[in-house]
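Novice: Modelling step: build the complete structure from the supplied sequences, incorporating the hints.
Each chain, letter by letter, is given below.
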Amino acid sequence: MRQNQASDKVMDNASHVDWEAYLKSYYEKPQSARTWSGYELKEIYTPHDRVAEDYRKDIGDAGQYPFTRGIHRNMFRGRYWTRREVVGIGSPADTHRRAAFCFQQGGSGLNTIADVTYEMGLDADHPWAQHEVGLTGVNITSIQDMETLVGDIPLDKVSWSLITASTAAAPTMAQYVAVAGSKGYDIATLRGSVQNDPIHFRYCGFRPACPLDLSIKLGSDVMEFCTRNMPKWYYTTVNMYDLREQGVTAPQEVAYGLGIAMCYMDELVRRGLHVDEFGPRFTFYVSCHIDFFEEIAKIRAARRMWARFLKEKYGAKNQRSMQFRFAVHTAGCSLLPQQPLNNIVRIAYEALAAVLGGVQSLHCCSYDEPMCLPTEKGHLQALRTQQILAYETGVTNVADPLGGSYFIESLTDKIEEEALRYMKEVDDVGGMEEAIRTEWLDRRFESEAVTRQKELDNGEKLVVGVNIFNSEPETTTPLGVQRIPRQSAVQQIREVTELKKTRDEKRLRKAIEVLREDAVAGKNTIPAMIEATKAFATTAELLGTVREVFGYPYDPMGILDSPFR
Amino acid sequence: MSKQKIKVIITKVGLDGHDRGAKVVASQLKEAGMEVVYLGMYQRPEGIVKAAIEEDADVIGVSYLSGEHLVYTPLVVEEMKRHELDDVLLIAGGSFPPEDIPCMKEMGIDEVFRGGSLTKDIVDYITENVGKKG
Amino acid sequence: MARLKDSPDVMVRKMLSGDRRAASRLITMIEDQSELSNELMKLIYPHANGSTVIGVTGSGGSGKSTLTDHLIRKFRALGKRVAVVAVDPSSPFSGGALLGDRIRFQGHALDDGVYIRSMGSRGYLGGLARASNDVVRIMEAMGFDVVIVETLGAGQDEIDVIHVAQTCLLVLTPGMGDDIQAMKAGIMEIADIIVLNKADLDGAEMCLRSLQAAIHCALGQEEQSWIPQVVPTVAYASRLEDIRGIDELVTAIQDHQLYLHESKAVEEVKAKRVEQELALVFKDEVERLVFNGLRGTGKKQRYVEAILEGKTEPYSVVEEVLATFLKGDVVK
Chain A
1 MRQNQASDKV MDNASHVDWE AYLKSYYEKP QSARTWSGYE LKEIYTPHDR
51 VAEDYRKDIG DAGQYPFTRG IHRNMFRGRY WTRREVVGIG SPADTHRRAA
101 FCFQQGGSGL NTIADVTYEM GLDADHPWAQ HEVGLTGVNI TSIQDMETLV
151 GDIPLDKVSW SLITASTAAA PTMAQYVAVA GSKGYDIATL RGSVQNDPIH
201 FRYCGFRPAC PLDLSIKLGS DVMEFCTRNM PKWYYTTVNM YDLREQGVTA
251 PQEVAYGLGI AMCYMDELVR RGLHVDEFGP RFTFYVSCHI DFFEEIAKIR
301 AARRMWARFL KEKYGAKNQR SMQFRFAVHT AGCSLLPQQP LNNIVRIAYE
351 ALAAVLGGVQ SLHCCSYDEP MCLPTEKGHL QALRTQQILA YETGVTNVAD
401 PLGGSYFIES LTDKIEEEAL RYMKEVDDVG GMEEAIRTEW LDRRFESEAV
451 TRQKELDNGE KLVVGVNIFN SEPETTTPLG VQRIPRQSAV QQIREVTELK
501 KTRDEKRLRK AIEVLREDAV AGKNTIPAMI EATKAFATTA ELLGTVREVF
551 GYPYDPMGIL DSPFR
Chain B
1 MSKQKIKVII TKVGLDGHDR GAKVVASQLK EAGMEVVYLG MYQRPEGIVK
51 AAIEEDADVI GVSYLSGEHL VYTPLVVEEM KRHELDDVLL IAGGSFPPED
101 IPCMKEMGID EVFRGGSLTK DIVDYITENV GKKG
Chain C
1 MARLKDSPDV MVRKMLSGDR RAASRLITMI EDQSELSNEL MKLIYPHANG
51 STVIGVTGSG GSGKSTLTDH LIRKFRALGK RVAVVAVDPS SPFSGGALLG
101 DRIRFQGHAL DDGVYIRSMG SRGYLGGLAR ASNDVVRIME AMGFDVVIVE
151 TLGAGQDEID VIHVAQTCLL VLTPGMGDDI QAMKAGIMEI ADIIVLNKAD
201 LDGAEMCLRS LQAAIHCALG QEEQSWIPQV VPTVAYASRL EDIRGIDELV
251 TAIQDHQLYL HESKAVEEVK AKRVEQELAL VFKDEVERLV FNGLRGTGKK
301 QRYVEAILEG KTEPYSVVEE VLATFLKGDV VK
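Quick note, the sequences are listed as chains A, B and C, same order.
Residue 418 in this note's numbering sits at position 418 of the first sequence, and the numbers go up by one each step.
Residue 101 in this note's numbering sits at position 101 of the second sequence, and the numbers go up by one each step.
Residue 84 in this note's numbering sits at position 84 of the third sequence, and the numbers go up by one each step.
Keep in mind the hints are simulated off the structure, nothing from the lab.
All values derive from a computational prediction rather than experimental measurement.
Keep in mind that the hints are not guaranteed to be accurate.
The following residues of chain A were derived to be distant from chain B, with all beta-carbon distances above 10 angstroms [stated by the list, open to error]: (1) 20; (2) 77; (3) 182; (4) 434.
Okay, derived cross-link-like pairs now, DSS-like style, lysine-lysine, Cα gap no bigger than 30 angstroms in a straight line [stated by the list, open to error]: (5) A:317 <-> A:523; (6) B:81 <-> C:299; (7) B:3 <-> A:454; (8) B:5 <-> A:454; (9) B:5 <-> C:264; (10) C:14 <-> B:5; (11) B:5 <-> C:283; (12) A:454 <-> B:105; (13) C:14 <-> B:81; (14) C:299 <-> C:311; (15) B:3 <-> C:14; (16) C:311 <-> B:3; (17) A:454 <-> B:132; (18) B:5 <-> C:74; (19) C:311 <-> B:133; (20) A:506 <-> A:461; (21) B:120 <-> A:461; (22) A:24 <-> B:5; (23) A:424 <-> A:311; (24) C:311 <-> C:42; (25) B:120 <-> A:454; (26) A:29 <-> B:3; (27) B:3 <-> C:300; (28) B:105 <-> A:377; (29) B:132 <-> C:14.
Even glycine gets a Cβ: it sits at the ideal position worked out from N, Cα and C.
Specialist: Structure representation (structure tokens):
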């Protein structure tokens, strides 16, 4: 009886197939031949479509100016890309544990990410921070937290990327350098990077922490300090990625990202540094979105544009200055909570584009990011995606395997041309700083984001699980949900409160006074921050002191006064 | 007697500043003929409810992204109850695991729209449910 | 707690006793041009007197909201309770509106001494002016010391809106020099105080001079006891210390209020407002009366056809219709 019912059901299902729809689907062809950014493509590309005339001048071999094909001659034969995962969860101790897990699983780099409170420059005991400490990353309030985070990780061996983007990157560097010093490392040997791109971070919800002049000042302080003291350190990762996540197109990502990079470079030149002192230390964070060829073309165009700008506009002589070094983070905004396992496939395609584009360092999103912070299983899946790419697929054998394709070269030219057009547009409103100050760029982002939503709404862009092939919403997340233990936050807040009661007040005040004087005198603030952090000055205290000198409220949220008055 | 225009408060709450989704939804609801009051970032539950009262809002839409939904939802709901806003729809948008949706509804959220929602879904829900609560 | 089913007098009583939700619902009914609006306003009107009403107008992006935010802060510091009605344009296509002024007023998000209402300009039959005037009356009845009306300066409708105010601020920015030349006399009609915002931009000096020249020129034509003041301001700057002119602006407003009271011009301003209210309500009600009377008779269509055929024109039609209606009404 039961069997009968089951077979009835199968029969029933088959008879419910819509055969008209089947026929339609059989003969279906793509509705559009546009790239994600909206560029109409031809049916086929031929030698006539090559815009770049001169191979040597416009393309060149990998490792040769203008580096269109890659910054190293033999690319991955020399070394795999760095396989990173971003870690930041709960307390410094929780984060340390997850980082160690990623290393155990074969990760070759470490990215630790700050939580919203740290990025905003708030201590864990700030009244607004209590609900959010450790929720989206790690909060470092004092040097003690940095010590816990570092633990026994060998700082001269691992490539550590500190993802603090806002003006809090200055305290981050101070805390990191102070901890490294206390552990006996020569800071000149430290390898890794700090994101330190406060200008762009105003677009990620951190405007109170990132006023434009303070962003340029503190961002450039970190860059200048590291140029002089930490030759192996990459001290800015200009974040094109976050701009892309706002909804802009591929060439806009390049144009606005390079525009922001130049804000810092112009300041470093004003400070008397030569382009070849800082050029080799600039790195970029690039998105890899879902349009495979367009993303590869975008990366190649960005490489060529950077090389030319550095050589022609800034007068770089050193080839290393002209090399566009970049990390890719697969596009978080391309992932969806609907049919979440599909995200694993999206991430894999995006990672493949990054590798074919010649990436130096790759972070794959976890499939569960549209639902929660990455679970351990999610992290592992993302890391394995990279490892399959690196060890199984053979994509590492040849540099720029798509170079010379009529289509790819033509699309590279197209993206470059469009990006240059967007840069010209910025110049026309008075340059990047002006475009930011007048909120011209804000309006740009807003209108692009609305356009992206409309494309989904009207079906101009098809996304599986959203406007095609929908299914019943899931009720569970396939590999579980990451929860942040609230106990960690409570503990962190308690420790910070305790520290503030027990530290040597006199030593602290003296160190803060030196920092204030240096800021007033227009000196680089990092050395004084390092000393103050050793005296247990906290993130908010370091930043607040400099903020006041620049005429901003001590507390970015405007509710606390300086304790040093 | 029903109101001529649906009035919607769209807001972020807490420190999370991922406001792209909130702004897009605000703009799309306007195009659907609603009057949308956008509060912006760094709102506290008390301020959101005060705005809803002053604007005589029919709907409050809160945008979450960073896992703060379980923390702030009860605070917003409690504040709404304190002011007897029992006929105002409370909807949430953003990133959260499906496991949390029943829990959020139990807390007092009327409907949830995650990433990948189409404007039509949100507009239809509001139009069909506005004025029916309480 | 205010409910839709409450009768007008209950709603109004609740509003007068400080129920903000009732007040907000009453404002909605005014916005919606509810059938009850006249009844409501009859009840509210006697209580609505005594606030200092300030109008702020200027083109989009001139910094009106930011200036209003400063004014709220300053008046709060003086112990005044402040209400704001901020009007933004509605989309002519969808009828919806994105009302973003509250973003600029975040500093008062938790202050019970401040009441803010955003309002879409919609497509009001009798013009936006009547609705916003009624909203201001409600805010006055709520007992606010200061009521600020903020509206986009885009034509006669907005100018009517601003006539509600005793003290009118026109916000300009440098680079509007040509417009100023064209406006000349018009400025005097609108503004008691001209705010030159973004005074740190290039061209501010020149703009200031041409403004003063324009005022001088207009003064020559007419006897005027109040000379519009020009106040340069920098309402927005990321550093607090770069914000300028706000205290001067508040002083100018206080000066103007003082002038109104000392010269008894305040009575004149109040009379003018009542005159305008009367005109607005008349226009609205007569229009409504006439169109309601014509509804279902098919006459309206016949008039249109007759005009199209060249048999008559709108002027004679209106004369004819009004004659019947007014007579009919008088007879009734």
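Novice: A separate judgement is required for each hint: does it hold in the structure or not?
Specialist: Structure-based check of each hint:
Even its closest Cβ contact with chain B, about 25 angstroms, leaves residue 20 (chain A) beyond 10 angstroms, as expected for a residue assigned away from the interface. Every CB of chain B is more than 10 angstroms from the CB of residue 77 (chain A) (nearest about 39 angstroms), matching its label as outside the interface. Every Cβ of chain B is farther than 10 angstroms from the Cβ of residue 182 (chain A); the closest lies at roughly 31 angstroms, confirming the non-interface assignment. Against chain B, the non-interface label of residue 434 (chain A) holds: every CB pair exceeds 10 angstroms, the least being about 23 angstroms.
Our distance criterion of 30 angstroms between C-alpha atoms is met by residue 317 (chain A) and residue 523 (chain A), whose separation comes to about 29 angstroms. Proximity of residue 81 (chain B) to residue 299 (chain C) is assessed by CA-CA distance (about 53 angstroms); at most 30 angstroms being required, the pair is judged violated. For the proposed pair residue 3 (chain B) and residue 454 (chain A), the alpha carbon gap of about 28 angstroms is at most 30 angstroms, so the pair holds. For the hint pairing residue 5 (chain B) with residue 454 (chain A), the CA-to-CA distance comes to about 23 angstroms; that is within 30 angstroms, so the pair holds.
Restraint check: the Cα-Cα separation between residue 5 (chain B) and residue 264 (chain C) comes to about 42 angstroms, which exceeds 30 angstroms; the hinted pair is violated. Pair hint residue 14 (chain C) plus residue 5 (chain B) holds up; C-alpha atoms about 23 angstroms apart against a cutoff of 30 angstroms. The hinted pair formed by residue 5 (chain B) and residue 283 (chain C) meets the criterion: a straight-line CA distance of about 24 angstroms does not exceed 30 angstroms. Annotation: proposed proximity of residue 454 (chain A) to residue 105 (chain B) holds, straight-line Cα distance about 28 angstroms (limit 30 angstroms).
Simply put, residue 14 (chain C) and residue 81 (chain B) have alpha-carbon atoms about 19 angstroms apart, close enough for the 30 angstroms limit, and the pair holds. Straight-line distance between C-alpha atoms of residue 299 (chain C) and residue 311 (chain C) comes to about 15 angstroms, which keeps the hinted pair within the 30 angstroms bound. Proposed proximity of residue 3 (chain B) and residue 14 (chain C) is supported: the alpha carbons are some 20 angstroms apart, at most 30 angstroms. Pair hint residue 311 (chain C) plus residue 3 (chain B) does not hold up; C-alpha atoms about 42 angstroms apart against a cutoff of 30 angstroms.
Pair hint residue 454 (chain A) plus residue 132 (chain B) holds up; C-alpha atoms about 29 angstroms apart against a cutoff of 30 angstroms. Restraint check: the Cα-Cα separation between residue 5 (chain B) and residue 74 (chain C) comes to about 34 angstroms, which exceeds 30 angstroms; the hinted pair is violated. Taking the CA atoms of residue 311 (chain C) and residue 133 (chain B), the gap is near 56 angstroms; set against the 30 angstroms cutoff, the hint is violated. The suggested pairing of residue 506 (chain A) with residue 461 (chain A) is violated, with an alpha-carbon distance near 62 angstroms, which exceeds 30 angstroms.
At most 30 angstroms may separate the alpha-carbon atoms for a hinted pair to count; residue 120 (chain B) and residue 461 (chain A) meet this at roughly 16 angstroms. For a cut-off of 30 angstroms, the pair hint linking residue 24 (chain A) to residue 5 (chain B) is broken: about 42 angstroms separates their Cα positions. Restraint check for residue 424 (chain A) and residue 311 (chain A): the C-alpha separation of about 19 angstroms stays at or below 30 angstroms, so the hint holds. This hinted pair does not check out: residue 311 (chain C) and residue 42 (chain C) have alpha carbons roughly 43 angstroms apart, beyond 30 angstroms.
A threshold of 30 angstroms between alpha carbons decides the hint, and for residue 120 (chain B) with residue 454 (chain A) the separation of about 11 angstroms falls inside it, so the pair holds. Only pairs whose Cα atoms come within 30 angstroms are accepted, and residue 29 (chain A) paired with residue 3 (chain B) is rejected, the gap being roughly 46 angstroms. With a CA separation close to 29 angstroms, the supplied pair residue 3 (chain B) and residue 300 (chain C) stays within the 30 angstroms bound. Of the pairs offered as hints, the one joining residue 105 (chain B) and residue 377 (chain A) holds, with about 28 angstroms between alpha carbons and a cut-off of 30 angstroms not exceeded.
In summary, the hint linking residue 132 (chain B) to residue 14 (chain C) is supported, as the alpha carbons are separated by about 24 angstroms, within the 30 angstroms threshold.
Checked against the numbered hints above, the structure breaks hints 6, 9, 16, 18, 19, 20, 22, 24 and 26 and satisfies the rest.
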